[in-house]
Every structure is written in structure tokens, then in C-alpha cells.
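Enquirer: Keeping the supplied structure of chain A fixed, place chain B upon it in accordance with the hints.
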Amino acid sequence: GQNIDQPTEMTATEGAIVQINCTYQTSGFNGLFWYQQHAGEAPTFLSYNVLDGLEEKGRFSSFLSRSKGYSYLLLKELQMKDSASYLCGGSGSARQLTFGSGTQLTVLP
Amino acid sequence: DAGITQSPRHKVTETGTPVTLRCHQTENHRYMYWYRQDPGHGLRLIHYSYGVKDTDKGEVSDGYSVSRSKTEDFLLTLESATSSQTSVYFCAISEGGSLYEQYFGPGTRLTVT
Numbered sequence: 001g002q003n004i005d006q007p008t009e010m011t012a013t014e015g016a017i018v019q020i021n022c023t024y025q026t027s028g029f030n031g032l033f034w035y036q037q038h039a040g041e042a043p044t045f046l047s048y049n050v051l052d053g054l055e056e057k058g059r060f061s062s063f064l065s066r067s068k069g070y071s072y073l074l075l076k077e078l079q080m081k082d083s084a085s086y087l088c089g090g091s092g093s094a095r096q097l098t099f100g101s102g103t104q105l106t107v108l109p
Numbered sequence: 001d002a003g004i005t006q007s008p009r010h011k012v013t014e015t016g017t018p019v020t021l022r023c024h025q026t027e028n029h030r031y032m033y034w035y036r037q038d039p040g041h042g043l044r045l046i047h048y049s050y051g052v053k054d055t056d057k058g059e060v061s062d063g064y065s066v067s068r069s070k071t072e073d074f075l076l077t078l079e080s081a082t083s084s085q086t087s088v089y090f091c092a093i094s095e096g097g098s099l100y101e102q103y104f105g106p107g108t109r110l111t112v113t
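Those protein sequence lines, which keep their order, are chains A and B. Numbering-wise, our numbering puts 76 at position 76 of the first sequence, and it's gapless, one number per residue. Numbering-wise, our numbering puts 58 at position 58 of the second sequence, and it's gapless, one number per residue.
Just so you know, not all the hints are guaranteed correct.
List of simulated lysine to aspartate or glutamate pairs, DMTMM-like, C-alpha gap at most 25 angstroms [to be verified]:
hint, chain 1, residue 1, chain 2, residue 2
1, B, Lys11, B, Glu101
2, A, Lys81, B, Glu101
3, A, Lys68, B, Glu101
4, A, Lys81, B, Asp38
5, A, Lys76, B, Glu101
6, A, Lys57, B, Asp73
7, B, Lys57, A, Glu55
8, A, Lys57, B, Glu95
9, A, Lys81, A, Glu55
Footprint (simulated), chain B over chain A, 3 or more residues, beta carbon under 8 angstroms [what the hints assert, rightly or not]:
hint, stretch
10, 66-79
11, 98-109
Bear in mind the hints are in silico, worked out from the structure with no lab data behind them. Every residue gets a Cβ at the ideal spot worked out from N, C-alpha and C, and that includes glycine.
Chain A with its partners taken away, still in its complex shape:
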């Protein structure tokens, strides 16, 4: 399978900006996505990038560099409700998504 690496845990302060990085093998992925998962709940889709560059969606933005096998999710104006696990992943030629293990973000007051 594809190797996807993201930090296990991050902590940030309410109102701040946080960047969650994700790296992956450069071969095989056609695009990269991000999901949010609150504790005890199902994952919910946030964004995906198939082209290099930054995609902005409200307080959340996602960046992709295919040549570097690198993506990040940028969360602005952090709120307490943003405390969750953030999963990055990608899809290759088959109709299958490969997820990373997730980054647990804790937002402190």
C-alpha cells in the first residue's frame, strides 16, 4: 500500500492558526484528501486536491505539492469545536482510498 505520514498529535490555542502536514509516496496517488473525525463519530469530508496549490474553503485550506509528495491542512481562527482527528489520504488508480493514521488536534482555551 501507499505510505502516508502525519503527526500523531498537535496542540494549538483557540483563535490561532495551525498547519497539519501530510507526506506520502509520490508515485501512485492521483489526489489527496482530508477528513475530520470527532471522537466517537464518523469521519466527515473536508477537502481534496488533485492539482498543485492551495484550495481555500472558509476557515480551512488545503495545499498539495505532487512533486514533493506533500500536503497540509491549514485551520484558521481555531475554535474549540475544531478539536478532532484529521485524516489525510489519497487514491491511486483503483477506486480505493488510503487513509493515514490521523492527527489528533487539541484546541486549548
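Expert: Chain B in isolation, oriented as in the chain A frame:
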């Protein structure tokens, strides 16, 4: 709300027993997926379906089988449950043109003792 339900939501079973989990959708989506989620491993695809009676294996399909006899139902069967299959199981659906944007059901927590 993508109209996805899973049943049961919680189950405790003994090693060696068969277990069937059900995923039901109300919006006629073509693609349905079964994942398991374990600490340290993230979400891993077990099987998926791209239509009635059309299924394919995912990354961790050993020990699992699936069936889809109706568009709305996708069943996951553990023929003989093992302790390593203790996990949270999520069903998901997607629109035909959007592989990345999947909608997940609430999950089933399965414990095999």
C-alpha cells in the same frame, strides 16, 4: 445527512461465531464501502461495491465477505470471527463521480471475545 444507517451499532460476540453487519442507504448511491478503524492504523478498506452484485476487495479483505443484492443494502460478513477483528466498522457511500468525497455511516463497534 446522506441517509446511511448501520446495524447493529454495538455487538459482542465469541470467537468462531459468524457475524453479519448491515449498511443501509436511502438515496440510491451506486458505490458503497466497508472500512475498519483501529488505533494506529486509521481507516482501512475491507471491500467495496460498485453496483448490485458487483463487489471488489480492499486492503484488508481476508476473513471478510460481502454481498449486495439490493442497491440500498451492503452486508459485511465475518464467517468465523477472531479477536483480531475487534474493531469499529464504518460503511460509506459516494456519488459516482466523486471518489474522494465519501459519506460515512455512524459505525458499528464489534468486540470479539
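Enquirer: With reference to the structure, classify each hint as holding or not holding.
Expert: Status of the hints after comparison with the structure:
Under the criterion of a C-alpha separation no larger than 25 angstroms, the hint pairing Lys11(B) with Glu101(B) is inconsistent with the structure, at around 28 angstroms. The hinted pair formed by Lys81(A) and Glu101(B) meets the criterion: a straight-line CA distance of about 22 angstroms does not exceed 25 angstroms. For the proposed pair Lys68(A) and Glu101(B), the alpha carbon gap of about 24 angstroms is at most 25 angstroms, so the pair holds. Note on Lys81(A) and Asp38(B): the hinted pairing holds, with a Cα-Cα distance of about 23 angstroms set against a maximum of 25 angstroms.
The suggested pairing of Lys76(A) with Glu101(B) holds, with an alpha-carbon distance near 22 angstroms, which does not exceed 25 angstroms. A distance of roughly 33 angstroms separates the Cα atoms of Lys57(A) and Asp73(B); the hinted pair therefore is violated under the 25 angstroms criterion. Distance restraint check for Lys57(B) and Glu55(A): the Cα-Cα separation of roughly 32 angstroms exceeds the 25 angstroms cut-off, and the hinted pair is therefore not satisfied. Restraint check for Lys57(A) and Glu95(B): satisfied, since their Cα atoms lie roughly 21 angstroms apart, inside the 25 angstroms limit.
At most 25 angstroms may separate the alpha-carbon atoms for a hinted pair to count; Lys81(A) and Glu55(A) meet this at roughly 22 angstroms. Judged by the Cβ-Cβ criterion of 8 angstroms, the stretch 66-79 of chain A is not covered by chain B as claimed, because only 0 of its residues qualify and three are needed. Beta-carbon proximity to chain B at under 8 angstroms applies to 5 residues in the stretch 98-109 of chain A; the threshold of 3 is reached and the given coverage holds.
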